[in-house]
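Colleague: Residues per chain are reported as follows:
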Amino acid sequence: MTTGPIVFTLNGTHRALPPGTSPTTTLLDWLRGPAGLTGTKEGCAEGDCGACTVVIEEADGARVPVNACLAMLGQVHGRALRTVEGLGGPATPHPIQRALAEADATQCGFCTPGIVMTAWAHSREGGDVHDALAGNLCRCTGYRPIVEAMSGLHDDGAAPAPSPTGPATRLEAPGQVFHRPATLEALLSLHAAHPDAWLLSGGTDLGLRVSERREMPAMVICLSDVPEMKGLAAGPEGLRVGAATSYRQLLAVCEADSAMSPFAGLLRRLGSRQIRGMGTIGGNLGTASPIGDALPPLLALGATLRLVGPEGRREMPVESFLTGYRTNALRPGEIIQDVFIPRPPTGALFVAEKLSKRPDQDITTVGLSAVIGLERGHVSLARIALGGTGPRAERCSAAEAALLGQAWSREAVEAAASALEAAIAPLSDLRASADYRRLAAGNLLRRLWHRQTEAA
Amino acid sequence: MMDTPLHHIGRDRSGPGAALRQDSALKHTTGEARFTDDLPMPAGLLHAALVLSPVAHGRLAPIDLSPALAVSGVVAAIGPGDIPGRNDIAQARRPQEHMLAEGLVEYWGQPLAIVVGETRDAALAGAAAVRPEIEPLRPVLSVEEALDSGAFLMPPSVMTRGDAPAAIAAAPRRLSGLFHAGGQEHFYLEGQIALAIPGEDGDLVIHSSTQHPTEVQHISARILGCDHNRISVQVRRLGGGFGGKESNASWVAACAALAARRTGRPVKLRLGRKQDIAATGKRHPMLFRWEVGFDETGRILALDATLAADGGHSVDLSAGVVFRSVTHALNCLDVPAVRIFGAACKTNTVSNTAFRGFGGPQGVLLMEDVTHRIARSLGMTQEAVRERNLAGGENDEATPYGQKLEGDLLRRVWAECQDGADWTRRRAEVDAFNARNEVVKRGLGSFVLAFGISFGILSMNQAGALVHVYEDGSIRLNHGGTEMGQGLFIKIAQVVAGVFGVPVERVRITATSTAEVPNTAPTAASTGSDLNGWAAQLAATTIRTRMAELAAAEWGVRPEEISFEEEEVFAGNHRMRFGELAHRCVQARVSLSSTGFYRTPGLHWDPVALRGEPYFYFSYGAAVAEVELDLLTGEHRMIRTDLVQDCGRSLNPAVDRGQIEGAFVQGLGYITCEELWWDDQGRLRTLGPSTYKVPGSRDVPAVMNVRLLEGAPARADTIFRSKAVGEPPVMLATAVWNALRDAAGADRLDLPATPERLLMAARRGACGQQS
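So the protein lines, in turn, are chains A and B. Position one of the first sequence corresponds to residue 1 (our numbering), numbered consecutively onward. Position one of the second sequence corresponds to residue 457 (our numbering), numbered consecutively onward.
The set of hints was computed from the structure by calculation and includes no laboratory data. Note that the structure is a prediction, hence the values are computed from the model and not measured. C-beta atoms are modelled at their ideal positions from N, C-alpha and C, and glycine is treated no differently. Nothing false has been slipped in among the hints.
Rough simulated footprint, nothing fancy, chain B against chain A, three-plus residues with beta-carbon under 8 angstroms:
| hint | region |
| --- | --- |
| 1 | 78–91 |
| 2 | 107–114 |
| 3 | 362–369 |
Put together the whole structure using the sequences plus the hints.
Modeller: The following block contains the structure:
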């Protein structure tokens, strides 16, 4: 364990922050305050508007946009970062800065620096422009000029700035310690010794507590440097995904795996590129949110977890792990090491559906994932999982039972959908009423039949 | 139809009509543009935070601020008793509206006190430590309840023509309807902020993100109990306003001013997003009830309608909003006998305020609901019913309040829009698609708009400008309008550059300041260019006249013979650089500085009879929208939109196109995804972008054809015959409402049309139920 200053590369320049700098200060507050770099804006402080977007330059050349409002200094310790000031100024603008200005892609200009950084990352990462822009809100232009400008960008070919070497694993400030354990062993011993410490993975949820609620945790244990939690291996049966693997990496693997394409479709609607650049599947499981976007497909596919703690390792299906409203089966001192996601059986139908008020960057109102196996026209396998319809994401055994063994028909699906509607007791809240949730959940199952017959 | 490549029009020119880009575009993209929170911190800067009410309605005991003072880093805590002037932020002086609640809290999120700290975190922690003592009372949360119990913020307006109830009773056919449109949060990306810096003798400089610097000055002076001349308000740019920084910015700035006065140090108050959404007003939700009489041809004979706006707890700008809703309730249609009852109802919610369109987006919904229902009952298309009743032609052109619409322009925008949208072919395609598909349906909808331009309050239709020409021929421009992204600064600079015949780069655009141009109106009601453009034109023309007189005397020609073009001044064979003439003027002791002042001519209004000509002119527009709706989930997507907007002779087609597209998308949010949700205790639960969903890039129609009406210079004497464009295109998104109802096959569809409302509406439609 080494103690030292917070270090990172900022706009190509090595920075070592003064002793005493709080490692849980958000990157945004530090940029706009001590660093005097006010180009990066605060629009919401909850990771949803993108005005604070900055880019992490990965050693492999990847450009990962992130929300500076959610990222703590301790999290970006050891990384290379770029802000809007690091691209160019009015006298020497970067071609992307010039392109957006000339396209009339700015009106009030407050969202613009974040959009410039998103565009700079997009010029290298490619993909759909709307996927790239999902994490950036503009309230003035109506997006058309932004989308047009972003559709014609070229990668500037710039090599990534080098990250600092040998960053410390322990960061200190008055009243605070921020650990970045580099081995599983070190993590487990810290976790056992400090059960109240924040276990920080991507920080897209915990980050709100520093960004909005202005909390100052006494101890944070960051999971990002533990090699055992970072793997992502695609085998013949499925994917083994380290709990600290970002959604960005998981999405890339799922996009390349045709059997997982419905899951990829759902992951593309999970948060935004900024959120997926930081957020992890382990974090989604650990918080056990009743609407965790990625949980229904894990349940439908029969994913299993490897947990590791003072008493050793154990495996557990995700459905046993999620025990209730924001509760899970972790024992004291235990952490999620990784998750195994089986591919759906060959020939089975697999869907991962999500309803929300807005297609992009919105929390699920109702999620339904299903794996349906058919043999000689009859349902031989039915795993149907829901999110947003109860205290936890869970399978719907009533709907599964209604389908299993039946001829695959509109009537059988209707019976299963009715059983599903009868089995759930959703809540009314700001996203939707209980009535809508019940009806829409049933209809997602009905839609499966429509889509399948249309495709046939 | 040809889509004009607006990007390239006049890029090489710089006067009026040139498609120049926003003046700060490159500063925006490089992060160099300074917003209020980006200004260098003055020495000794303190930060303020607000204590907000945790309940929606209750009796408030005198507030104990000692817990805040006990927090480390807190410097001061300020309650209503600490206000040296009047605790009143009302627009009109009656009735009083408290800046900090006294005795009674009337909405969840109402400011109760200000805490000032060495850091923002200290101020926030101090504010969080205060525990207000409130004896809860039952909150009134629905506009229905307020309307039915007669809880009005001001006397309702009733606009009548003929005897509507009798004409409805006598009509061959009758229908009645009821629907509700929700509010809308502005969601300017830059939250409310002000920085107040004390100077000598009680002077105070306030940097504010406001659309109304003069009101920031007035309200701050009223709170502090000082003369207006002690307060100077400066605004370089806003990170979006949309009406949300018209009246609401004033009390935010006054809080900062009060804290600066109290501590003697500079104070910044920046509302975090959640506090901003909780404490500041929104677009008025509105409840509509109507009864209509019509004949078998679809001609509307009489209409009796109630428009009940949810004003929230106080008046704020509700009088103007209701006025505009009532005067736009018929939109572009002619109805011989009408009775429109408009009221601002009092509820225990945040006081609703200006929002782009200012009651117009609500008012114009009425006739869309009426014509939609008439069309369904007669088996006609909504378009046919609208055309049957369009003002002008065989129908009357006069609105119920007496001002005439231009029926020829209305017909022209609709015809051009319909043609450009290829309406007939696409209607058939949509019908064929729907016959083929069971659970996915498409819908086609249209809309035609007549929107009145001017402030409803006569005194607000004035503007000032201050222009200096320096000895080197460079020009400094200042006027009362604020730049919030709408491109006002570049437009006015183009006007001035045009007067002097110089490139626009010679005109230095400067921050709006009450110290340079006093007693200004807010930058609102789409009037920014109309008012300030004329004021700047007049100021520049005064100087140009003086310069021309000097040149004429030197050259022995008449002043009218002098031309100013391409940075030169000439007459016949005489010519001189513009800067040289400026130099000679200074040498000859000719003033090169002038104010300009403009007041809109011809406006009049009888507030008792509700008759007159309250608008300088009307802006027209038309829209066609196509949507696809999933009947199983209520999800929809936009397929295509065609918009035609009348901008007169556009001052800047690039800026105007941006206004049209941006306003349309904001209107799209109002119609579809932007939903404010309060719990049963009156606590707003959609306090940030994670829960309040404004449109994202994917929500915009994949095909969005935008046309500015060509060859249609304004008939009123507007600046260079241009027309205002800030607000009208918001309402063009009403076409999307019609398209969604078409797809859902539904009679009633409340707004916003979320997946839930669409699914439920489609089910009612499928069951053949009447709403």
